[in-house]
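Number of protein chains: 4
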Amino acid sequence: MGSALKTQIATSTETTITVRGRDLVNELMGHVSFTGFVYFLVCHRVPTADETRVLDACLVTIAEHGLTPSSIVARLIADSVPGETQAAMAAGLLAVGSVFVGTMEGCGAILKRGVDGGDDLDAFCRDVVSDFRARREPMPGFGHPIHRPDDPRVPRLFAIATECGVNGKYVALLKRISAELDRQAGRHLTINATGAIAALLLEIGVPVEIMRGLAVVSRAGGLAGHIVEERATHSGRQIWNMVEHAIPYEEPKE
Amino acid sequence: MGSALKTQIATSTETTITVRGRDLVNELMGHVSFTGFVYFLVCHRVPTADETRVLDACLVTIAEHGLTPSSIVARLIADSVPGETQAAMAAGLLAVGSVFVGTMEGCGAILKRGVDGGDDLDAFCRDVVSDFRARREPMPGFGHPIHRPDDPRVPRLFAIATECGVNGKYVALLKRISAELDRQAGRHLTINATGAIAALLLEIGVPVEIMRGLAVVSRAGGLAGHIVEERATHSGRQIWNMVEHAIPYEEPKE
Amino acid sequence: MGSALKTQIATSTETTITVRGRDLVNELMGHVSFTGFVYFLVCHRVPTADETRVLDACLVTIAEHGLTPSSIVARLIADSVPGETQAAMAAGLLAVGSVFVGTMEGCGAILKRGVDGGDDLDAFCRDVVSDFRARREPMPGFGHPIHRPDDPRVPRLFAIATECGVNGKYVALLKRISAELDRQAGRHLTINATGAIAALLLEIGVPVEIMRGLAVVSRAGGLAGHIVEERATHSGRQIWNMVEHAIPYEEPKE
Amino acid sequence: MGSALKTQIATSTETTITVRGRDLVNELMGHVSFTGFVYFLVCHRVPTADETRVLDACLVTIAEHGLTPSSIVARLIADSVPGETQAAMAAGLLAVGSVFVGTMEGCGAILKRGVDGGDDLDAFCRDVVSDFRARREPMPGFGHPIHRPDDPRVPRLFAIATECGVNGKYVALLKRISAELDRQAGRHLTINATGAIAALLLEIGVPVEIMRGLAVVSRAGGLAGHIVEERATHSGRQIWNMVEHAIPYEEPKE
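Order-wise, the sequence lines are chains A, B, C and D.
Letter by letter, the first sequence follows residues 1 to 254 in my numbering.
Letter by letter, the second sequence follows residues 1 to 254 in my numbering.
Letter by letter, the third sequence follows residues 1 to 254 in my numbering.
Letter by letter, the fourth sequence follows residues 1 to 254 in my numbering.
Treat the hints with care, as some may be off.
Identical chains blur together in the list; that is why a pair holds if it fits in one copy or across any two.
Claimed, not checked - Under the rule of at most 30 Å between Cα atoms (straight-line distance), these lysine-lysine pairs were calculated in the DSS-like manner:
no. : residue 1 : residue 2
1   : Lys-112   : Lys-175
2   : Lys-253   : Lys-6
3   : Lys-169   : Lys-112
4   : Lys-175   : Lys-253
5   : Lys-253   : Lys-112
6   : Lys-6     : Lys-175
7   : Lys-169   : Lys-6
8   : Lys-253   : Lys-169
Bear in mind the hints are in silico, worked out from the structure with no lab data behind them.
The model shown is predicted, which means the values in this text are computed figures rather than measured ones.
With the rest of the complex left out, here is chain A:
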């Protein structure tokens, strides 16, 4: 029972700490950035400078969106349990789910299937788009409620990918799907930031299954900033008052 179970992540002795075969103190601390270390933990090799720069750009892109469900939640919990920063951040991170960030995984899965499939990409794009349209579901990675006609982060992400030499098959396929979607819809729908990030993360070898995990790391950084502001402004109490007054009680009908 569990006898064969191993971990390849970390071990330590009195004088050493080893992380995935590297000496933490002498080979990693001071030598690799946090972003590079996260890549190392998730992808199991130290990234190149270009790969690190791409991952940095992706993490910077989605860390902070102002007052969103995750940051409102973190503020309310920070106000209710003041000393326990981790509780406020954990509560906020629970919002990083299917509605907002899960689209990254959905888009990534499509791109991976298309590139790995080795099929006729014209047919692939046509089928993928018509399939979503037939089900009247939004294509993951497309559309944005505010940024129209185009999400300004997307060309920047593609430019960074080009600068870093990772502007490959996944980015190409995403653009191709975009063109096909516009054609079938008869109007322009932006590629959104989560769509572009899905493509870039695939280009640098991040598995689709852990993309949401990287979004959690990124969002944790954003929430730390909200906790700092919450401590100064005590918005949590005011948000509570505001919501309580904005949603009046109505006698239920029997």
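Position chains B, C and D relative to chain A; hints supplied.
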């Protein structure tokens, strides 16, 4: 009610996203690392290259400790709710509390009080140490169950601080407290990683109150790596079996 | 924006508190049990004594299963963040997801579709079972790793339903599906506790969509008991040691 | 390592499930209410009918307060991660901390110290009240932002305690502290619901350390009701819009 409440964190228009006064797309994405961005969100200015390197070293130091409560919890939840990576990570992050990481805040608060106080530091060190010893409480930032006589991460963190030109008053005070603690205890107790990180974060201007928040960001990176391994090894199910068999039922006495 | 939004749940004045149209102090406190109150909050009417007894039996059935992922998680977090009981319980409750309790919702959805559909129930059972078997997926509400050939809680739940006069169409359909499943599988698979509870909750009018929420309430009770034991035995620390030693480090292959 | 560790909570065989020495199926299901079962898990004996009624009243009292931080958080997470009810509820339960419910523990600890101490209770009350007043801290269990001059739930809780024959030393001491507080403050401060509940829980033998755990169970019931309303009204999206518009962006000063 709330009318005067503002946020200085972020806003967006159809074509722009602004984070703390900077254009996200043109000034931040591709220009600042994720670590630099987190510093910017928490300390409200873009860090220097040296400050970024110090923060990177701190975040790399505490991201990963192998199988600890936080990673065991993340694995168990990942096994129970497979698709919801954020739930597994949030559960694990709830462990980043007073017992393990809170010592960073405790140590940081002492260092800040000593440096800001402008008092006689010899007297300060003597009083702080004797106070903890009188209460028979452990000094936050000192001692380690495995790393004896010294935590190998600490000299490395101090060396990085020196290389980056931030080896200042807080590091000096931590060393002075360490010497006084050894004198009063009559034996050597290591400065541990959380103690050294508290000093380094103070050197680069991170407020004590958000140190735990940065630990959460760091640990989120570590947990992403555990989720990847969990998906491959299914350790959660085996951990459950192991614990269930190791803790047998005993009839309660009436 | 939100102007039409109302809540029918609760309101208060200086001297009164109203919950769903009832005076909390004079009509609910001391008059309705907690189980009856939860039913009232979820189903929007005070239950009969029989309905309350059925819900009590369901909540008692799934509150406590010994050392499971949720209770192990709660113990580990309780050990890491000792004073914050709610963090330990919240972490453990995150395990009440698709793998263990979600089957209740799956089974409930099938039963509701069958009863509401008004179709030929023989055909319905045949199709549902053959559909799951064709996809090689387990039927939600059936099978148990330990309780074979039969889950002992199930006949007891059905007996309570009979005593309370709610042994109706949903229970009947569950038994019919069970017979069809045994026929198609060529062997006996037990109806499990979550399957029987799904049927009983439907009998007393609980919507499928909130069944998991009731399981969270129930499990919260179980976890409170684990926190009490954790404070006495400090199992969290020992679970950590045990897991750490049982899963040795293995050098990753480059 | 852990060899002596035992659990007294639960065990099972193919045909039986035992919880704290009782047969779950034959002795508990259908025989004990959920409230009685929670008492049994936490206090390690089946409560009397009167004790159950007192605990029911306490759980009913604090389950539901309309739109509060915990219910707003649960709604926002329910909107972001629609299928995962447990994530929404766990996030909301993280608010059951020191600010709102922790006062129950603080009040309970004072009452226990007074009753167990066997000291002169006049002196005890005088010292406890003057101590809090000297530190300018609010007395836990006293005061309420809305319910003035008196919290209407408190006399009802005391009446239920009297009806159930558990109106003993803890309730008496709470009233005595209340009189002393009014005397020293020169004005009337209400005993609040958490104060009265602390006294009642002590009367029925609930340890102070798990009172917050029972509040979590109670609140879980309340949050289940909010999830049901959230699914119908989609308030989460509107709360988000409302907060985003009410807290405008302000350019940070450099």
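Status of each hint after checking the structure:
1. When the C-alpha separation of Lys-112 and Lys-175 is checked against a cutoff of 30 Å, the pair qualifies only within one copy, where the shortest distance is 14 Å, while the shortest distance between copies is 44 Å.
2. For the identical chains of this complex, Lys-253 and Lys-6 are inter-copy neighbours only, at 13 Å across copies versus 59 Å inside a copy, given an alpha-carbon limit of 30 Å.
3. For the identical chains of this complex, Lys-169 and Lys-112 are intra-copy neighbours only, at 10 Å inside a copy versus 46 Å across copies, given an alpha-carbon limit of 30 Å.
4. Proximity of Lys-175 to Lys-253 under the C-alpha cut-off of 30 Å is found in neither arrangement, the shortest distances being 52 Å within a copy and 36 Å between copies.
5. In this assembly of identical chains, Lys-253 and Lys-112 lie within 30 Å of each other by CA distance solely across copies; the values are 25 Å between and 51 Å within a copy.
6. With identical chains, the CA atoms of Lys-6 and Lys-175 are never at most 30 Å apart, being 41 Å at best within one copy and 39 Å at best between copies.
7. Proximity of Lys-169 and Lys-6 under a CA criterion of 30 Å is satisfied in neither setting, with 35 Å inside one chain copy and 44 Å between copies.
8. For the homomeric pair Lys-253 and Lys-169, the shortest alpha-carbon distance between copies (28 Å) is at most 30 Å, but the shortest distance inside one copy (58 Å) is not.
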